[in-house]
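The residues making up each chain are set out below.
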Amino acid sequence: MGENIPVPCEVLRVENLTVAYNGRMALRDVTFTVLGGERVAVVGPNGAGKSTLFKAIVGLLPPESGRVEVFGCNPHQERVSIGYVPQREDVDLTFPVTVGDVVMMGRVAHIGWLRRPSRRDREAVRRALEQVGLAELANRPLGELSGGQVQRAFIARALAQEAPLLLMDEPFAGVDAASEEAILGLLDRLREQRVTVLLATHDLQMAAEWSDRVLLLNGEVVAYGPPGDALCPATLRRVYGGQLTVWEHERGAILLGDGHCSGGRR
Amino acid sequence: MTGWLLEPLTYPFMLRGLFAAVMVGAVCAVLGTYVVLRGMSFFGDALAHAILPGVAVAYLARWPLSAGALAAGLLAAAAIGYLQTRVREDTAIGIVFSGAFALGIALLSTVRTYTVDLTHFLFGNVLGVSPADLVVTAVLSGGVLLLTVAFHKELVLVSFDPVLATVLRLPTSLLRYLLLFLLAVTVVASLQVVGVALVVAMLVTPPATAYLLVRRVGPMMGLAALFGVLSAVAGLYGSYYLNIPSGPAMVLVCTGIFLLVLLFSRRARPPRRVP
Numbered sequence: 001m002g003e004n005i006p007v008p009c010e011v012l013r014v015e016n017l018t019v020a021y022n023g024r025m026a027l028r029d030v031t032f033t034v035l036g037g038e039r040v041a042v043v044g045p046n047g048a049g050k051s052t053l054f055k056a057i058v059g060l061l062p063p064e065s066g067r068v069e070v071f072g073c074n075p076h077q078e079r080v081s082i083g084y085v086p087q088r089e090d091v092d093l094t095f096p097v098t099v100g101d102v103v104m105m106g107r108v109a110h111i112g113w114l115r116r117p118s119r120r121d122r123e124a125v126r127r128a129l130e131q132v133g134l135a136e137l138a139n140r141p142l143g144e145l146s147g148g149q150v151q152r153a154f155i156a157r158a159l160a161q162e163a164p165l166l167l168m169d170e171p172f173a174g175v176d177a178a179s180e181e182a183i184l185g186l187l188d189r190l191r192e193q194r195v196t197v198l199l200a201t202h203d204l205q206m207a208a209e210w211s212d213r214v215l216l217l218n219g220e221v222v223a224y225g226p227p228g229d230a231l232c233p234a235t236l237r238r239v240y241g242g243q244l245t246v247w248e249h250e251r252g253a254i255l256l257g258d259g260h261c262s263g264g265r266r
Numbered sequence: 267m268t269g270w271l272l273e274p275l276t277y278p279f280m281l282r283g284l285f286a287a288v289m290v291g292a293v294c295a296v297l298g299t300y301v302v303l304r305g306m307s308f309f310g311d312a313l314a315h316a317i318l319p320g321v322a323v324a325y326l327a328r329w330p331l332s333a334g335a336l337a338a339g340l341l342a343a344a345a346i347g348y349l350q351t352r353v354r355e356d357t358a359i360g361i362v363f364s365g366a367f368a369l370g371i372a373l374l375s376t377v378r379t380y381t382v383d384l385t386h387f388l389f390g391n392v393l394g395v396s397p398a399d400l401v402v403t404a405v406l407s408g409g410v411l412l413l414t415v416a417f418h419k420e421l422v423l424v425s426f427d428p429v430l431a432t433v434l435r436l437p438t439s440l441l442r443y444l445l446l447f448l449l450a451v452t453v454v455a456s457l458q459v460v461g462v463a464l465v466v467a468m469l470v471t472p473p474a475t476a477y478l479l480v481r482r483v484g485p486m487m488g489l490a491a492l493f494g495v496l497s498a499v500a501g502l503y504g505s506y507y508l509n510i511p512s513g514p515a516m517v518l519v520c521t522g523i524f525l526l527v528l529l530f531s532r533r534a535r536p537p538r539r540v541p
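Line by line, the protein sequences are chains A and B.
Residue numbers for the first sequence follow the numbering used here, so the first one is 1 and each next one is one higher.
Residue numbers for the second sequence follow the numbering used here, so the first one is 267 and each next one is one higher.
Okay, chain A solo, but in the shape it has when bound (with noise of 0.2 angstroms):
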């Protein structure tokens, strides 16, 4: 029985995006392809457009000109579909609903107007909550969680849409070491899945050692491709000028200080 080498298909392109936020130009003239099964670390300062970048390839942003096309790798999903987990800071905790509720949310559009979740359905939101570490949890209110356990709950929500193509938003911002170690397994085994991931970052280290593909952007693309390329002194020194401090070692590897550690706030 001969294998079945999946053919490496575009997940993702995005053509000459240029995107208006709050009446500035966020992004300007942004290109770049995905390929199905990549890990792409969106890397860039505060406010160099990382989120602008995902609300516009997930619809939440039009672009003023330019393009987004997302492709399935499945030709029979009918529907294009993007997990998105945002930053957790937009969550209304005082909303009722327990983390299995929210989950579920992630099945709307699969389960169909005027019909109510199937069994396919349960059992894809358990099989989200178990990713992430939290089925014994699915019946808690989620405003009794923990911050991690927030953002875990929101992953697997993103999970539950069973998308081809994931967009984290600083998953790891404030959260504590548990949810941090159980996100990274989670991001390990979702390469064995060969699901797409563009993950948005500050921390250049966690994006050297995690991606296939870095995106350094400030605005625009600096540079793309594989962490050793992408995180060159020079790139990095015209993103971060002086906020960075760079080390060359002898054989081209690279140590990074970052200056700066405010995280992914706006």
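Hint data in this document are derived by calculation from the structure and do not stem from the laboratory.
Think of the CB as a built atom: it goes at the ideal place given N, C-alpha and C, for glycine as much as any other residue.
Incorrect hints may have been included.
[Said to hold, decoys possible] From the derived model, a few chain B residues whose C-beta atoms are all more than 10 angstroms from chain A:
id, residue
1, Ala344
2, Gln350
3, Thr351
4, Ala358
5, Gly360
6, Val377
7, Thr381
8, Gly409
9, Leu430
10, Leu436
11, Leu508
[As the list claims (entries may be wrong)] What follows is a list of derived Cβ distance ranges for each label pair:
id, chain 1, residue 1, chain 2, residue 2, range
12, A, Glu69, B, Glu355, 47 to 53 angstroms
13, A, Glu130, B, Leu271, 50 to 56 angstroms
14, A, Gly228, B, Leu479, 54 to 60 angstroms
15, A, Ala135, B, Leu479, 44 to 50 angstroms
16, A, Ala135, B, Thr357, 46 to 52 angstroms
17, B, Gly408, A, Pro117, 24 to 30 angstroms
With chain A's structure known, arrange chain B on it following the hints.
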């Protein structure tokens, strides 16, 4: 005791009042759950007051009151929606609400029986529900409940997280307008029973009471409906025996239940945002 409860029901007008009160108590509480969760109580109150000119015009022209009320309610919702693009939302609501209410009172003051009519519109007259009124209330409440149940998961989603609703390609603004429309119809259906001045209490207080006790939207709606029906029926008896307008009687029961639950429920409000 049973005689005290059953005696009023030998009158057909009391029986009609009872049916109307039960329906209004339930539909206000169910829609009111969204009003509470979305922080729309000022909007609901404004909408209720803004239907007064429509009621007045219909009354003067001898059209069906609910038709005038519905037209005015939708007009007010649209006006608030437009003004929001020019001034702050609560400012827009304040302008439309007070302007329309003043117009309604001015129109009604041209009628000779002005004070009696105005009192009925403002505070409800559940004992004056005609068979035709009852049919209108039943159709409107039934329609609202049907649509609320049919689009439950979409309405909850767009209320909790409009971002996800957009990402999933749901028609978010259509759903938001559906909710405003349902709210307007609910207010119109409640007009005769509680009146425009106090309908916001029937919308807000039962769900707020339920919120203190449960932590899921579905049970919150169910419990709110129970409190709403209970208050409406108790208020109806209060109105009959104490000879006070039905609206204040129902609202006082509502508020009493809320205070009781508040006293015995220990549950604190969770922080609004992740710390």
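Confirm or reject: Leu436 (chain B) is not an interface residue toward chain A, with every Cβ-Cβ distance exceeding 10 angstroms.
Leu436 (chain B) not clear of chain A: closest Cβ-Cβ about 7 angstroms, inside 10 angstroms.
In terms of Cβ atoms, is chain A entirely out of 10 angstroms range of Gln350 (chain B)?
At about 18 angstroms from chain A, Gln350 (chain B) clears the 10 angstroms cut-off, so the statement holds.
Verdict for Glu69 (chain A), Glu355 (chain B) (Cβ pair) under range 47 to 53 angstroms
36 angstroms, violated
Given as non-interface: Gly360 (chain B), partner chain A, CB spacing beyond 10 angstroms:
Non-interface label stands for Gly360 (chain B): nearest chain A Cβ at 25 angstroms, farther than 10 angstroms.
Is the gap between the beta carbons of Glu130 (chain A) and Leu271 (chain B) within 50 to 56 angstroms?
Given about 54 angstroms between the Cβ atoms, the range holds.
Please check whether the beta-carbon of Val377 (chain B) is more than 10 angstroms away from every beta-carbon in chain A.
45 angstroms, holds
Confirm or reject the statement that Gly409 (chain B) sits farther than 10 angstroms, beta carbon to beta carbon, from all of chain A.
Gly409 (chain B) clear of chain A: closest Cβ-Cβ about 16 angstroms, beyond 10 angstroms.
Assessment of proposed distance window 54 to 60 angstroms (beta carbons of Gly228 (chain A), Leu479 (chain B)):
With Cβ atoms ~58 angstroms apart, the hint holds.
Quick check on a hinted range of 44 to 50 angstroms for Ala135 (chain A) and Leu479 (chain B), using CB atoms only.
Given a distance of about 27 angstroms, which is not inside 44 to 50 angstroms, the answer is violated.
With d taken as the least Cβ-Cβ distance between Thr381 (chain B) and chain A, does d exceed 10 angstroms?
Correct as stated: the minimum Cβ-Cβ distance to chain A is 43 angstroms, above 10 angstroms.
Cβ-Cβ distance between Gly408 (chain B) and Pro117 (chain A): within 24 to 30 angstroms?
For Pro117 (chain A) against Gly408 (chain B), whose Cβ atoms are near 26 angstroms apart, the range 24 to 30 angstroms holds.
Checking the smallest CB distance to chain A, is Ala344 (chain B) really beyond 10 angstroms?
Given a closest Cβ separation of 24 angstroms, the condition holds.
This entry does not satisfy hints 9, 10, 12, 15, going by the numbered hints stated previously.
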